[in-house]
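Peer 1: Each chain is listed here by its residues.
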Amino acid sequence: MRPIGENMFGEILEGLRKAIELIISVDPTVVQITLRSIYISGTATLLSVLWSLPFGITIGLRRFPGKNFVKSIFNALIGVPTVALGLVVYLILSKQGLLGSLHLLYSPLAIMFGQALLITPIMVSFIASAVEAVDPQIIDLAKTLGASELEASVAVLNESKDGVLLAIISGFNRAIAELGIALMLGGSIVGWTRVLTTTIALETGRGNLTIAIALSIILLLIVSAVSTLTNLIRRRR
Amino acid sequence: MTPLLNIKNVTMQYGTTAALDHVNLKIEKGEFFTILGPNGAGKTTLLKTLACIDKPTKGELYIDDVKIVDRNRSHFRKKITMVFQRNVLFSTSVYNNIAYGLKLRKCSKKEISERIKNILRLVKLEGYEKRPASRLSGGEKQRVSLARALVLDTKLLLLDEPTANLDPENVSIIEEAVTHVNQESNTTVVMSTHNMFQAKRITGKAALLLRGKITEVGTITDIFQSPSERLAAFARLENVFSGTSEILEEGTSVVDIGNGLWVEASIMKLGKTQILVRPEDIILSRKPLSSSARNVFKGRIVGITDLGPIVKLRVDAGKEFAAQITKRSFKEMGLNVDSDVFLTFKASSVHAV
Numbered sequence: 001m002r003p004i005g006e007n008m009f010g011e012i013l014e015g016l017r018k019a020i021e022l023i024i025s026v027d028p029t030v031v032q033i034t035l036r037s038i039y040i041s042g043t044a045t046l047l048s049v050l051w052s053l054p055f056g057i058t059i060g061l062r063r064f065p066g067k068n069f070v071k072s073i074f075n076a077l078i079g080v081p082t083v084a085l086g087l088v089v090y091l092i093l094s095k096q097g098l099l100g101s102l103h104l105l106y107s108p109l110a111i112m113f114g115q116a117l118l119i120t121p122i123m124v125s126f127i128a129s130a131v132e133a134v135d136p137q138i139i140d141l142a143k144t145l146g147a148s149e150l151e152a153s154v155a156v157l158n159e160s161k162d163g164v165l166l167a168i169i170s171g172f173n174r175a176i177a178e179l180g181i182a183l184m185l186g187g188s189i190v191g192w193t194r195v196l197t198t199t200i201a202l203e204t205g206r207g208n209l210t211i212a213i214a215l216s217i218i219l220l221l222i223v224s225a226v227s228t229l230t231n232l233i234r235r236r237r
Numbered sequence: 238m239t240p241l242l243n244i245k246n247v248t249m250q251y252g253t254t255a256a257l258d259h260v261n262l263k264i265e266k267g268e269f270f271t272i273l274g275p276n277g278a279g280k281t282t283l284l285k286t287l288a289c290i291d292k293p294t295k296g297e298l299y300i301d302d303v304k305i306v307d308r309n310r311s312h313f314r315k316k317i318t319m320v321f322q323r324n325v326l327f328s329t330s331v332y333n334n335i336a337y338g339l340k341l342r343k344c345s346k347k348e349i350s351e352r353i354k355n356i357l358r359l360v361k362l363e364g365y366e367k368r369p370a371s372r373l374s375g376g377e378k379q380r381v382s383l384a385r386a387l388v389l390d391t392k393l394l395l396l397d398e399p400t401a402n403l404d405p406e407n408v409s410i411i412e413e414a415v416t417h418v419n420q421e422s423n424t425t426v427v428m429s430t431h432n433m434f435q436a437k438r439i440t441g442k443a444a445l446l447l448r449g450k451i452t453e454v455g456t457i458t459d460i461f462q463s464p465s466e467r468l469a470a471f472a473r474l475e476n477v478f479s480g481t482s483e484i485l486e487e488g489t490s491v492v493d494i495g496n497g498l499w500v501e502a503s504i505m506k507l508g509k510t511q512i513l514v515r516p517e518d519i520i521l522s523r524k525p526l527s528s529s530a531r532n533v534f535k536g537r538i539v540g541i542t543d544l545g546p547i548v549k550l551r552v553d554a555g556k557e558f559a560a561q562i563t564k565r566s567f568k569e570m571g572l573n574v575d576s577d578v579f580l581t582f583k584a585s586s587v588h589a590v
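Taken in order, these protein sequences are the chains called A and B.
The first sequence: position 95 = 95 (our numbering), numbered continuously.
Just add 237 to wherever you are in the second sequence, counting from 1, and you've got our numbering.
Warning: the hint list may mix true and false statements.
To be verified - Quick list of in silico lysine-lysine cross-link-like pairs, BS3-like style, CA-CA up to 25 Å: (1) B:295 <-> B:450; (2) B:340 <-> B:245; (3) A:161 <-> B:367; (4) B:450 <-> B:437; (5) B:266 <-> A:161; (6) B:295 <-> B:354; (7) A:161 <-> B:437; (8) B:556 <-> B:509; (9) B:437 <-> B:266.
Rather than coming from a laboratory, the hints here were simulated on the basis of the structure.
These numbers come from a predicted model, not from an experiment.
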């Protein structure tokens with residue numbers, strides 16, 4: 001009898017081989033799940049940008065009482081457990097909840113909404129830091145060259161665009177890699193809300209390591225490709 | 238003639254301190270106006286107020302007889318530009334830096350590229366368009382900052398110590414470019430400096446700003462011909478000596494500054510005169526130096542002030558001289574109060590004030 005460890009190792013190797021086959025052969029299920037993940041988390045990121053960008057810029061640019069307090073709250077919220085946030089949004093979207101009448105639960109929209117909330121602290125914190133890092137004299141400089149208050153703020157944003165880009169990418173990576181919200185708010189319904197992370201969890205539980213490994217590799221590839229691309233863009237400037 | 242700039246009773250209050258204290262000034266069109274003052278006198282604050290960036294706490298500012306109020310402030314901002322002491326550049330190419338103000342003024346692409354080409358020639362940075370601004374040297378950066386302001390061809394150009402901390406080559410390129418636009422385009426220039434030698438090189442009017450107050454206004458020649466105690470104090474004009482000058486055969490002068498001290502100076506002046514030697518131009522030695530320098534005096538150290546990397550010494554050589562040496566030299570020479578030293582300086586280091 002072979003020891004369990006060796007058996008397991010062989011299974012993983014076999015899984016890895018089959019996983020690569022699945023990816024190379026462009027398996028339709030794998031492609032569908034991957035595209036859905038990118039679509040849902042991408043939309044969640046754009047949604048979050050809508051409010052995180054003005055909020056982050058305001059915190060970074062303006063001086064107001066309690067600014068440090070607000071910043072530390074957002075910093076603390078970066079580490080919020082996805083299941084805790086998932087539960088809160090679940091309660092809001094469930095039948096008896098505040099937005100229960102919208103019947104959003106177990107839909108892609110619910111995941112988008114949940115993920116957008118999840119990555120808000122990371123985006124706001126990073127954007128605020130990026131704006132704060134810009135030389136404060138840029139505003140005065142823009143004004144000496146004829147800029148209005150608004151145009152001067154745009155100049156600051158323009159200077160912080162690398163940092164803002166990094167914030168958005170970090171948000172996207174966090175969204176696409178999280179499991180709690182996708183599972184609790186999406187329910188992992190086949191062909192509807194099943195995304196990379198939920199499928200990996202589900203198939204691993206079922207013992208289908210091949211597909212779990214294949215999807216994990218794809219997830220890793222997406223996350224590292226996005227990061228590499230960002231670095232390339234930043235370096236080119 | 239109405240002045241271009243009329244500053245009436247401008248006061249800028251930060252908490253309990255007044256950075257500007259009832260400043261009154263009139264600056265005519267086409268004038269080159271220098272604001273002299275030590276660090277912290279309020280020069281930057283005054284220029285930022287003139288640039289319509291900061292609003293004065295009290296007082297009024299008129300440009301072409303129009304009072305600046307909130308409503309027209311951004312309109313006037315487009316007619317004025319300012320170059321800061323510390324160069325601030327957008328993190329993009331030289332071209333985009335200079336194009337910024339032109340784009341705000343809705344100039345056409347063709348016009349922008351033509352004007353940038355011309356202005357880069359003026360600041361001697363031809364062909365620098367595509368370079369990232371962040372990779373330039375300090376002097377080049379400041380020249381880009383200047384070009385970015387000059388390209389706008391505004392009525393009024395404000396320069397806040399534009400050449401502080403730059404090497405002589407960059408200083409002369411910047412001074413030439415600024416003088417050029419002042420003379421050719423009749424741009425009114427207001428420049429602040431704490432360097433009185435720079436002010437002397439530039440002709441025009443000047444005001445002395447001390448602790449937020451204007452204490453003197455006049456032509457630069459007038460101000461320097463009879464430097465008041467205040468001016469001498471501001472510029473920390475050390476080594477200023479009064480004496481009687483005689484012209485020597487070679488065309489230089491020798492000035493009797495009293496107590497048996499005769500100073501040779503490469504100036505031509507007869508009669509009562511005032512001379513100045515910069516502390517950094519004096520060489521200090523333990524033994525008399527045999528060199529081409531015309532002035533050598535023996536003295537005794539009476540005071541030592543540590544200024545970080547530099548040490549300032551007061552030396553009694555019949556008259557008290559201030560000399561400045563590096564801390565390293567100070568240590569190596571083993572100097573102390575009461576040490577005997579020789580002071581050496583060239584005739585060309587003696588300036589008439």
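Peer 1: Please go over all the hints and tell whether each is borne out by the structure.
Peer 2: Status of the hints after comparison with the structure:
no.: 1; hint: B:295 <-> B:450; result: holds, 14 Å
no.: 2; hint: B:340 <-> B:245; result: violated, 33 Å
no.: 3; hint: A:161 <-> B:367; result: holds, 20 Å
no.: 4; hint: B:450 <-> B:437; result: holds, 21 Å
no.: 5; hint: B:266 <-> A:161; result: violated, 41 Å
no.: 6; hint: B:295 <-> B:354; result: violated, 42 Å
no.: 7; hint: A:161 <-> B:437; result: violated, 44 Å
no.: 8; hint: B:556 <-> B:509; result: holds, 18 Å
no.: 9; hint: B:437 <-> B:266; result: holds, 21 Å
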